[in-house]
Amino acid sequence: MSISTKIVDDFVANGVDFVTTVPCKQLAGVIEEVESRDAIYHIPANKEDEGMGLCAGAFMGGSRPAIIMQNTAIGVTVNTLVTLTQFYRMPLPMLISYRGELKEPVACQVEMAVHTKALLNQLNIPTYHFHKQEDANELDAILKYTFMCNKPVAILTDATFWGGY
Amino acid sequence: MIRSEVLREIAPILRDRLVVCNIGLPSQELHLIDDQPSNFYMLGTMGLSSSIGLGVALAQDKTVISIDGDGSVLTNFGTLPTIANNVADNFILLIIDNGSYGSTGDQPTYAGMKTSLAAVAKACGCENVVECQAKDTAEVLQAAVDSKKMTIIVCKCESGNIKVPVITKDPVVIRDRFMTAVQS
Ligand SMILES: [Mg+2]
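Order-wise, the sequence lines are chains B and U. Residue 45 in our numbering sits at position 45 of the first sequence, with consecutive numbering throughout. Residue 131 in our numbering sits at position 131 of the second sequence, with consecutive numbering throughout.
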């Protein structure tokens, strides 16, 4: 089974039925997998803060949402995470491609990578880092934890996890 | 007519609907005029009223009305293509377009100059776009609710504000009572 299939299987098993995405090359496989599932309403967003608004609404409407995005989006969404997702206490699993880590070919990506964990830490967002494929075995527990505590939770997935470039 | 007068006129239509209301004065005015548990007041996050409302509409069957402003739609322009391409016939976006950033001191917006939000919405692919004058808003909104078609309304009104208190309700209380209204 591909890692993308396994990830989306865990989403579906945890009742995640509304997924918004902003693409990243590393996430192409998992986005394709989300799009292919009947159990998930896939709604591409034009910007990640817009996507978080969609997820907030879907949650209040009775869905279980998730967002898939690149770590550069942390720079875009600080205000939304703080004044919407956290302030109103809403759950939001964030599957994030951790660009700028080992095996990264694009220097500029490193500039955001060095701030990613510090920003998440500053925002008190529980953060998990998938480096090896077996790290994804924790995804099921992470999703259960997210919907238990009603918080945004970050799952950083680096190039080594996705099998490099 | 200014925004608070429009809100006063449409309050009887909003009353029985799920409403997502824009940050700042629009939420404060609606809260003052006719607070309902089915109103979701945005206390932060400028621009996301339409996104939140669309999310609610896609997740369940009740009619959802997002009240937005011209400034906020300009802030989150990406919302219009997303709305156009994810049709929810239980969703109405009411943009109260007073041509200014009302909550921050009535600085002019581009929507009050050359930019037509109705034309932008149409260009983005939204199929039912109605621009109306403030005095006709209630009639247009009721027709949109009755049509059961996703509709974008651009209500052109004058800029101007009334004195209103800030909302001191706890955000989790606002969210919880809204979710209870969704489920009722
Ligand atoms: Mg305005």
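It should be emphasised that the hints constitute simulated quantities derived from the structure, not laboratory data. Don't take every hint at face value.
What the hints assert, rightly or not - Okay, the calculated beta carbon distance ranges per label pair:
1) B:Glu134 - U:Thr180: 40 to 46 Å
2) B:Val78 - U:Val166: 19 to 25 Å
3) B:Leu102 - U:Thr115: 42 to 48 Å
4) U:Gln183 - B:Tyr145: 23 to 29 Å
From the three backbone atoms N, C-alpha and C, an ideal C-beta is built for every residue, glycine too.
Which of the listed hints are not met by the structure? When the structure is compared with the hints, none of them turns out to be violated.
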